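Work out the full structure: start from the sequences and follow the hints.
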Amino acid sequence: MIARIYRPSKGATSSGQGRTKTWILEYERSIAREIEPLMGWTSSSETSSQVKIPFDTKEDAIAFIEKLGIAYRVEEPKPDAVRRGLSYSDNFKNSRTGMWTH
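Sequential numbering of the sequence shown, starting at 2, is according to the numbering used here.
If you're looking for bench data, these hints aren't it; they were derived computationally from the structure. Mixed in with the good hints there might be a few duds.
Pairs of lysine-lysine, DSS-like flavour, derived with a Cα cap of 27 Å [unchecked claim]:
1) Lys-11 / Lys-22
2) Lys-79 / Lys-11
3) Lys-79 / Lys-53
4) Lys-79 / Lys-59
5) Lys-22 / Lys-79
6) Lys-11 / Lys-53
7) Lys-59 / Lys-11
8) Lys-59 / Lys-22
9) Lys-53 / Lys-68
10) Lys-22 / Lys-53
11) Lys-22 / Lys-68
Note that the coordinates shown come from a computational prediction; the quantities given were computed from them, not determined experimentally.
Following this line, the structure appears as structure tokens:
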């Protein structure tokens, strides 16, 4: 069983930073899911893949998993893209290089 420690990224349709400050520890699947033949539902006898434990810091998550003696891997978050702030009034500046079209 291998544990994965990561910080979740924000959703594509979200502008806020909620739920992206904590680190999550979850176990990776060791058994493939099975398809139940009658209803077609997917299921697994492995319940450890349902566990997600939040931590305030990466170090707390690492200390917890090392205390249990379980192998783990840490996925560092990608840096946020730097966005240049634009305002509506920038469309009408005299120093604008391109033509303003409507």
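Restraint status (C-alpha distance of Lys-79 to Lys-11 at most 27 Å): The given pair, whose Cα atoms are some 11 Å apart, holds under the 27 Å limit.
Given pair status - Lys-68, Lys-53, alpha carbons within 27 Å: holds (17 Å)
Distance restraint between Lys-22 and Lys-68, which requires alpha-carbon spacing of 27 Å or less: Status holds; Cα separation ~23 Å.
Pair hint Lys-11 and Lys-22, alpha-carbon separation not exceeding 27 Å: The hint holds at about 10 Å.
Pairwise hint evaluation, Lys-22 against Lys-59, where the allowed Cα distance is 27 Å at most: holds (10 Å)
Hint consistency between Lys-22 and Lys-53 [alpha-carbon to alpha-carbon, up to 27 Å]: Distance ~15 Å between Lys-22 and Lys-53 Cα, so the pair holds.
27 Å Cα cutoff - pair Lys-79, Lys-53: Within the cut-off at roughly 21 Å; holds.
Straight-line alpha-carbon gap Lys-59 to Lys-11, limit 27 Å: holds (18 Å)
Agreement of Lys-79 and Lys-59 with the hint, judged by alpha carbon distance not exceeding 27 Å: holds (15 Å)
Pairwise hint evaluation, Lys-79 against Lys-22, where the allowed Cα distance is 27 Å at most: holds (13 Å)
Given hint Lys-53 paired with Lys-11 - CA-CA distance at most 27 Å: holds (17 Å)
Hint violations for this structure: none, all hints satisfied.
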